[in-house]
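K.L.:
Okay, here's what each chain looks like letter by letter:
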Amino acid sequence: MVALLELDQATVLAGEIPILDHLSLEVSEGELVAIIGPNGSGKSTLIRALLGLAPLDQGTARIEGRPLTTLTARQRAASMAWLPQDGLSAERLRVEDVVAAARFRFNESRQDCLAAAYRALEDAGADSLADRWINELSGGERQRIELASMVAQESKCWLLDEPANHLDPVWRARTLKFLSRRLEQGNTVLVVLHDVHLLGHIEAAQTRVVGLRQGKIAWQGRLSDQDLGEGLETVHGIPFERAVAGDREYWIPGEEPLE
Amino acid sequence: MMALMRWLPWVALAIPIAVATAWIGPPLDDPHGQWILQELRLPRALAGAMVGAVLSAAGAVVQILLRNPLATPSTIGTTAGATLGVLAVLVLGSGSTWMGLPILPAAAFAGALLVTLIIASVAARDRARTEDVLLAGIALTLATGAIASGLRLGVDQVTSLSALRWSLGSLTIIGPDRISMLAPFVVISLAGMLWLIRPLEVLISGIERARTRGVEVTRVRTLGLGLASLGVAACVATCGPIAFVGLICPHLVRRVVGSAPRTLLPASILLGAVFLPLCDSIGRVIWEQREIPVGVITAALGAPVLFMIVVRRGRTHSKR
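In the order they appear, the protein sequences are chains A and B.
Note that our numbering gives residue 64 to position 64 of the first sequence, counting from 1, and the numbers run on in steps of one.
Note that our numbering gives residue 1010 to position 10 of the second sequence, counting from 1, and the numbers run on in steps of one.
Calculated directly from the structure, the hints in this document are not laboratory data.
Since this is a predicted model, take the numbers as computed values, not measurements.
There could be a bad hint or two in this list.
As the list claims (entries may be wrong) - Label pairs and their in silico Cβ distance ranges:
id: 1; chain 1: A; residue 1: W133; chain 2: B; residue 2: V1187; range: 32 to 42 angstroms
id: 2; chain 1: B; residue 1: V1155; chain 2: A; residue 2: G40; range: 53 to 63 angstroms
id: 3; chain 1: A; residue 1: A90; chain 2: B; residue 2: W1195; range: 26 to 36 angstroms
id: 4; chain 1: A; residue 1: W133; chain 2: B; residue 2: E1216; range: 24 to 34 angstroms
Built from N, CA and C at the ideal position, the CB exists for glycine as well.
Let's have the full structure, built from the sequences with the hints guiding it.
P.N.:
As structure tokens, then:
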């Protein structure tokens, strides 16, 4: 079967320094892939390379087997929806207009577009926010609008860049639970996370963890793997200690860098 | 169609106001009154409405495309480019017989487009911040301004004075012939910008987001800046550079109805169509001895608005 998303020997350079260094990764349909790694390890660039926002200096990005560079913007939008790190725009915009704008790739009347936007808002539990201004929303409310926009775009794959950042524990959990639901509905999810344990909110056998270090895949495995601790140590370059709470196993980062 | 119906009442409100500005000014009781109204003031009001609509819409579009509320045709150098083009024709060309020549809008458009393309190429660079775009615009405005001043020195005083007067921006020289020259450019520019509303709705949430939602950003940006330049160039060719309309009108509209292009753009067009004829009328009554060019009035109103936006932006930035 052809991979839904594929990077083949992808290299992105910042001047002379590689941000992605001959990195190859395949994501199959219905899979959940969590990207972890220290700051500057290339997590965001990996996502941006797949979206075509960070052009590759070497290698190829393919979507369903077709080179990314041969696809139109609309075709890309049908395959991939993106939740960037920078947050919603600070412009004075109505929630319903923002979510409706995510449906640009469809040729439809304004009425149909708004109807779909409202369904998406309902799906994200944000239908009560429809006529609010986005610049007056709280962090949790903004997150709901972001998720609703992704629902409205109706793309196959969701690419999320640290969606748990700046959120309280409740909203972090809700965001991950929401992703879990999208997986059940057949979406593919690629998510950049700092804390692997957030994946505990997702009950999916297909969860794969990919650890980046200096633009390369340093470790990959499953959340349930026995060597997760070693993997985290390889990726972050510091020791991790095992802790058990209830029936769950956690890895707590130590302070000393590994020799 | 639905959208058209929604705006109909507002259009019906704006047109009478724009027309009514023709009656503001020294009384029209004397025998020449009727003639002055029909041949001078009504064409002026009409031209003012068209120019105001285009400048205001162009301001809104450029602001969305460059993601900066301070970006307008006059701050990114489009107006200066058009002005230089026109001055070059005025001064180097056939001397004083420049009235109604089709070469004028062409020169204005060439100047406007040249500057806008330079700005757009700055804006299209990968790491360009909007500040870079504005600074490049200021640099280009200063450069073209210097060339324009130099051009004025090279000619006789009469030409130089008329060029200076024209470069203040004024609607006094409008006649029916100039309106018919202006009208097609206004229609093309406005219709084109309105046609871009759908992609603009996505672009307002961020350029990269728009790209991932299916917008061909480069194409939309080129088209948008081109259409804005075309309209601005036609306006400059008709009545000289009139600054700040593209800054004030969209800014006021944004504070009332928000930033969504689907309301911002039509509302800016309507406000501009009312605002400029009103400013022109103010220039007619404010000083008894003589008329003040409308460009001077809009600049006097615009500078404080510009200042206010800068201060407010500074405040919202430091809050983060």
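K.L.:
Looking only at beta-carbon atoms, does the pair A90(A), W1195(B) fall within the given range of 26 to 36 angstroms?
P.N.:
At roughly 27 angstroms between Cβ atoms, W1195(B) and A90(A) fall inside 26 to 36 angstroms, so the hint holds.
K.L.:
Is it true that the C-beta distance of V1155(B) to G40(A) lies inside 53 to 63 angstroms, as the hint says?
P.N.:
holds, 60 angstroms
K.L.:
Quick check: does the Cβ-Cβ distance between W133(A) and V1187(B) fall within 32 to 42 angstroms?
P.N.:
Distance hint for W133(A), V1187(B) holds at roughly 34 angstroms.
K.L.:
Quick check on a hinted range of 24 to 34 angstroms for W133(A) and E1216(B), using CB atoms only.
P.N.:
At 29 angstroms between Cβs, range holds.
Going through the hint list in order, the structure satisfies each hint without exception.
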